[in-house]
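Colleague: The chain contents come next:
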Amino acid sequence: MAKKAGKRVISEDQAVELLALFVSSAQLLMSEPAHYGPLRLLTATERLSAMMLERASPETRPFLELAIERIPQMHMQMSDVEAYSAGLEELNAAIGECLVRRAGLE
Amino acid sequence: MSNDVLDAIRKRRVVREMTDEPVTQEQLEQILDAGRWAPTGGNLRQNRFVVVQDEKIKRLIYQVSPGMFQRPPAIILICSDLQLAIDHQLGEDKPTFLMDVGKAAQNMALAAHSLGLATGPVTSFSQTAVSRILNLPETYVPHMFLCLGHAAPVPQFNVRAWQRITWRDLTSYDRFPSGSGGG
Ligand SMILES: Cc1cc2nc3c(=O)[nH]c(=O)nc-3n(C[C@H](O)[C@H](O)[C@H](O)COP(=O)(O)O)c2cc1C
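Going down the list, the protein sequences come from chains H and R.
Mapping of the first sequence onto my numbering: position 76 corresponds to residue 76, and the numbering continues sequentially without gaps.
Here my numbering = 1-based position in the second sequence + 1000.
Honestly, the hints are just simulated from the structure, not real lab data.
Among the hints, a few may not be true.
Ranges between beta-carbon positions, derived for each pair [what the hints assert, rightly or not]: (1) Asn92/H - Thr1171/R: 39 to 47 Å; (2) Ala50/H - Arg1175/R: 38 to 46 Å; (3) Leu19/H - Trp1167/R: 42 to 50 Å; (4) Gln1163/R - Leu53/H: 32 to 40 Å; (5) Gly6/H - Arg1036/R: 54 to 62 Å; (6) His1088/R - Leu53/H: 50 to 58 Å; (7) Lys1011/R - Val23/H: 31 to 39 Å; (8) Gly1041/R - Glu12/H: 43 to 51 Å; (9) Ala1008/R - Gln14/H: 22 to 30 Å; (10) Ile1165/R - Leu19/H: 23 to 31 Å.
Heads up, the beta-carbon is just placed ideally off N, CA and C, and yes, glycines get one too.
Just chain H, same shape as in the assembly (with noise of 0.2 Å):
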């Protein structure tokens, strides 16, 4: 469990690339609508996915997958409420499967 937390999945280029997706957002987000902040969210959690990916034990890797998969699509179905919302539905579902494998509770 210990080795696992510690275990470096991504590097600090990687990083850097983060911290300006979140500051650039940050900084759109200010004269967009509301419902594009979700949308910045999720595409920080698509890149990191993909920069994660090569690294990340087996049980964080299906999140990973579906992310990389799914948030493409669902950036394209922000008119469609329902669809969205089942995306972010799936999403969490997995994130909580993560969640409970990696804490070794299943």
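Please build the complex by placing chain R with the ligand on the supplied structure of chain H, with the hints as guidance.
Modeller: Using the frame of chain H, we list chain R with the ligand on its own:
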């Protein structure tokens, strides 16, 4: 009714998945020339184009552009040079500048389409960070990236429209009936 121009207008779609195949210098120049021919308010011609093909710089741009889903071989940044507005005392946030950017972008998108290339506009980027990354002159305001390349042979993700519309939904003729106006 149909002709090449009408067909291009109807068939051009935003492309968000592109291949690595480069854009030739000749294609690039044709597209920039189409941008040059776009009309500008007062014929001020303050649009400026910055072509980015260097891999390292494209990567930095991607990092501060949350709305960029493409990894294109070439990017054209459309800027306004405010120097002309300053010289002519026009006010630096003249709305026609943005219209001029839109007109150039569409000319370039249609020119690219006619050459068998794909485009995708991106305005969701940090203007502050992009100005620094490209070391833009102080009077340049970056407005829109036009990602340029070849469409990948995969289903393209397109933003689903809120509703289907035709020109009829957008158009009315002459005067609105009494009682419908705000005045
Ligand atoms: C002013 C403007 C800004 C846009 N900005 C972005 C952007 O930041 N990211 C993006 O993926 N698409 C962007 N688009 C593309 C639109 O989402 C796209 O044109 C629209 O979904 C219709 O698609 P179509 O042109 O293929 O019919 C922009 C389009 C315009 C006109």
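Colleague: All the hints need checking, so say for each whether the structure fits it.
Modeller: Tested hints:
1. Taken as a hint, the range 39 to 47 Å holds for the pair Asn92/H and Thr1171/R, whose Cβ atoms sit roughly 43 Å apart.
2. Remark: the range hint 38 to 46 Å for Ala50/H to Arg1175/R is contradicted by a beta-carbon distance near 55 Å.
3. The given range of 42 to 50 Å is respected by Leu19/H and Trp1167/R, whose C-beta atoms sit roughly 45 Å from each other.
4. The hinted window of 32 to 40 Å between Gln1163/R and Leu53/H holds, with their beta carbons roughly 37 Å apart.
5. Here the CB-CB span from Gly6/H to Arg1036/R is close to 56 Å, well matched to the stated 54 to 62 Å.
6. Roughly 53 Å separates the CB atoms of His1088/R and Leu53/H, a value that falls within the hinted 50 to 58 Å.
7. A beta carbon spacing of about 38 Å between Lys1011/R and Val23/H agrees with the range 31 to 39 Å that was offered as a hint.
8. Between Gly1041/R and Glu12/H the beta carbon distance is about 46 Å. The supplied range of 43 to 51 Å therefore holds.
9. For Ala1008/R and Gln14/H, the hinted distance range of 22 to 30 Å is not satisfied, since their beta carbons lie about 40 Å from each other.
10. Between Ile1165/R and Leu19/H the beta carbon distance is about 40 Å. The supplied range of 23 to 31 Å is therefore violated.
In summary, the structure is inconsistent with hints 2, 9 and 10 from the numbered list given earlier, while agreeing with the others.
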